[in-house]
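Given the coordinates of chain A, assemble chain B with the ligand onto it according to the supplied hints.
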Amino acid sequence: MTRRDGPFFARDRQWHPPALAPAYRSSVARSPRWPALSIGQTRSEITGPVFRPDDVAAIDRDLILNHARDGEPVGERIVVHGRVLDEEARPVPNTLVEIWQANAGGRYRHRNDGYLAALDPNFGGCGRALTDAEGRYHFRTIKPGAYPWRNGGNDWRPAHIHFSVFGTGWAQRLVTQMYFEGDPLIPRCPIVNAIPDPEAVDRLVARLDMNAAIPFDCLAYRFDIVLRGRRATFFETRPEGT
Amino acid sequence: MPPPLPYLKETPSQTAGPYVHIGLAPSVAGLSGAMGDLGQDIAGPEAPGERITVEGMVLDGTGAPVRDAVIEAWQADAAGIYPHPEDPRHAEAAPGFRGWGRACTDFETGIWTFETVKPGPVPGPDGALQAPHVNLWIVARGINLGLATRLYFSDEGEANRDDPVLGLIDQTHRRDTLMARREDRDGAVVYRFDIHLQGEHETVFLEI
Ligand SMILES: [Fe+3]
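Chains A and B supply the protein sequences, listed in that same order. Sequential numbering from 1 applies to the first sequence in full-length UniProt numbering. Sequential numbering from 1 applies to the second sequence in full-length UniProt numbering.
In isolation and in its complexed conformation, chain A is listed as follows (with noise of 0.2 Å):
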């Protein structure tokens, strides 16, 4: 039998957004000059931390009631979903999904979040998700609003959702933004553009998806995300450990 217990795929750097990219002003000063030191695998990468489902609750998912406090958020009911694959298609259950997004007019709540757009009392804006057997998660949310942020005079985020995944070992780490389908305001964005493949931004994109709308409640965004792979032990030539 094959197992696949061996080191994680390498990771393409040249998929990701490079550190350095100026258009993107913040990453000039906080982007590491030196190569990444290849190290390859070891237990420590390996392994990684496990999740329980005391860590989260039901209602940590549904971020239309996790703050309610009288009365809904204002703003487009949605669905998110989709599964956590890895990069040979199988599904990664039990690991930890965060998200967080700004409001229906594109407002944080967050201390350092200035914008004049108004808070919604209603809308906290951070969920948890452990996915199930088959990879699959779901958050019900608010669309959140576009908003302007300092970098060139006058950029604006398109709409987005933030995702933290963590996969079965430290190796697979990753956060990463999701973007909806549409958005004329993807392609004019910094931080999008700091990736240099458009087949690889197009990741990023959710689908809208009519089958997984509730009917006179939410519609649906589907975003499937992908976790790095993991060789397979054909030959045992050097074993780890023991």
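Just to be clear, a hint being listed does not mean it is correct.
Not the full set, but computed from the structure, chain B residues with beta-carbon under 8 Å of chain A [what the hints assert, rightly or not]: (1) Arg-51; (2) Val-66; (3) Gly-99; (4) His-201; (5) Val-204; (6) Phe-205.
Keep in mind that the hints were calculated from the coordinates and are not lab data. Note that the Cβ used here is the ideal one computed from N, Cα and C, for glycine as well.
Same frame as chain A, but now just chain B with the ligand:
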């Protein structure tokens, strides 16, 4: 050209941005509510080992503190065991030991802190032991792909000399960027570890 092999491509990374705390440390963002911050319990009170504090700053290429970073830690317990099914000894991992933690740089001081136990040595390739270390991962506004590095302990001279990862750093003076300095502060053990994103003292970041 033959068609490409049917592998999926990894989802591309994007920066965590300045409001990362909402999702990863809601109380730090100022969110009150039911969702507590995850990653506050690397080593529970029952976990044996030397109790230590690890603290430091994240500095940008101009030497200014990065005040909006999130740092995650993943480490073995005091016996060098990871609480994960792929560690062959995971059944013997210390009770109450989770191994994973998350800290934010303070909005004013720029300092981040973990309370944990000192990890033991972990087996590496070919059975050689790796020096005790904590795996770190850093995200922030301006960081397009999370940065992986390792924290080693300055008082583990012999183990550090033999560590297979430290040995891969050709520029031997750069190995010091991965050394946390031990300080005794009013009887408590504190290891100081500053992370330099860029510049003369740039930390060695790892492709893992
Ligand atoms: Fe954002």
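Results for each hint:
1. Because the closest C-beta pair between B/Arg-51 and chain A is about 21 Å apart, greater than 8 Å, the hint is violated.
2. Of the supplied interface hints, the one on B/Val-66 holds, with its beta-carbon coming within about 7 Å of a beta-carbon of chain A, less than 8 Å.
3. A hinted interface residue such as B/Gly-99 counts as satisfied when its beta carbon comes closer than 8 Å to some beta carbon of chain A; here the least separation is about 7 Å, so the hint holds.
4. Proximity of B/His-201 to chain A is violated relative to the hint, the smallest CB-CB distance being about 11 Å (cut-off 8 Å).
5. Checking B/Val-204 against chain A: minimum C-beta separation of about 6 Å stays under 8 Å; hint holds.
6. Residue-level restraint check for B/Phe-205 holds (minimum Cβ-Cβ distance to chain A is 5 Å; threshold 8 Å).
Hint check: violations occur at hints 1 and 4; the rest are consistent with the structure.
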